[in-house]
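Participant: Please work from the sequences and hints to get the whole structure.
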Amino acid sequence: MGRRTTTTTSTTRIMRRAIFTFLQNYQCFTSTSSLLAFPFAVSTLLSQMLVYSSDVFPVIHARLRSLFLAAGFPLSSELFSLLNLKLSQTILSFLFVSPFTYSFLLLAKASVIKTFDQNKPEENPRVSSSISLFIPLLITQLCNSLLILAANATCFFILVIFFNFLYVLGISSPGPTMLVSALGVVIYSIVLANAYIVSNLALVSTGMEKRGGFISILKACVMILLQGRNATALSLAVPICTKDQRIIDEEEMHSYKIEIEDRDGKFLAKSMSLDEIIP
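In the working numbering, the protein residues as written are 910 to 1188.
One or more hints might be untrue.
To be verified - Pairwise CB distance ranges, derived in the manner of DEER restraints: (1) L1088 with T1063: 14 to 22 Å; (2) P948 with V1077: 49 to 57 Å; (3) A979 with P1008: 45 to 53 Å.
Hints in this document: simulated from the structure, not taken from any laboratory.
Keep in mind the model is a prediction, meaning the values are calculated, not measured.
Don't be surprised by glycine CBs; every beta carbon is placed ideally from N, CA and C.
Facilitator: Spelled out as structure tokens, the structure:
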């Protein structure tokens, strides 16, 4: 009970400081960062229309259905029908948006990090000063994509094992199937939320140290998972993950600087809004 109260208090303090810092430096994000993120926001909105009108969508949907059927998923369940539909939409939307994700969005993030990397944020940071961070951020973003892909693959692999185990035991009633499905959704949500948290902190670490790659992901894991900050990070991610991820993508340029108290002292971390559902 005491630990839960401490986590709630820490989360509330971080969110208050984040909102205060963002509003205090709002003028820094109304010019360069916003303009850089604008093409990404437009492509995200247009991708919603292109997904349903594309001839590729039925093909991807049919292929995923065949893949799930071969893996032993109970496709008669409405849960996996919805999962198949949303996953098809996500894959196609990612293909449409990825050129802007790996270019304009990263430049916008580099601009925000560059702004907060100074003692006094500039109102109009130069784009040229952000280009130096682009390559390290790009490398880390590519590594983050592999991390998210690995997290998805691991979750689906575990679900395949569970459903095939039920099949071997001869259990085909709706009750156990629904129980395993619900348990799988919970595990999938927790794993994916942790993967997104680590990915975003890895980008922040890359921007601060100007060195990208899997080393930034490892540092993010140490910061969040090994220092007991996992519960706080997840509680911060819950109100954002429950919203439509496409709305979050349009507000990626909104960044904030937070200060977290650690057992041995204090360390400064720059954190940003969550990335797209498939970076």
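Participant: Should the hint that P948 and V1077 are 49 to 57 Å apart at their CB atoms be regarded as holding?
Facilitator: With Cβ atoms ~51 Å apart, the hint holds.
Participant: Do A979 and P1008 keep their Cβ atoms within the hinted range of 45 to 53 Å?
Facilitator: 32 Å, violated
Participant: Using the C-beta atoms of L1088 and T1063, is the stated range 14 to 22 Å upheld?
Facilitator: 21 Å, holds
Comparing the model with each earlier hint shows a violation of hint 3 alone; every other hint is respected.
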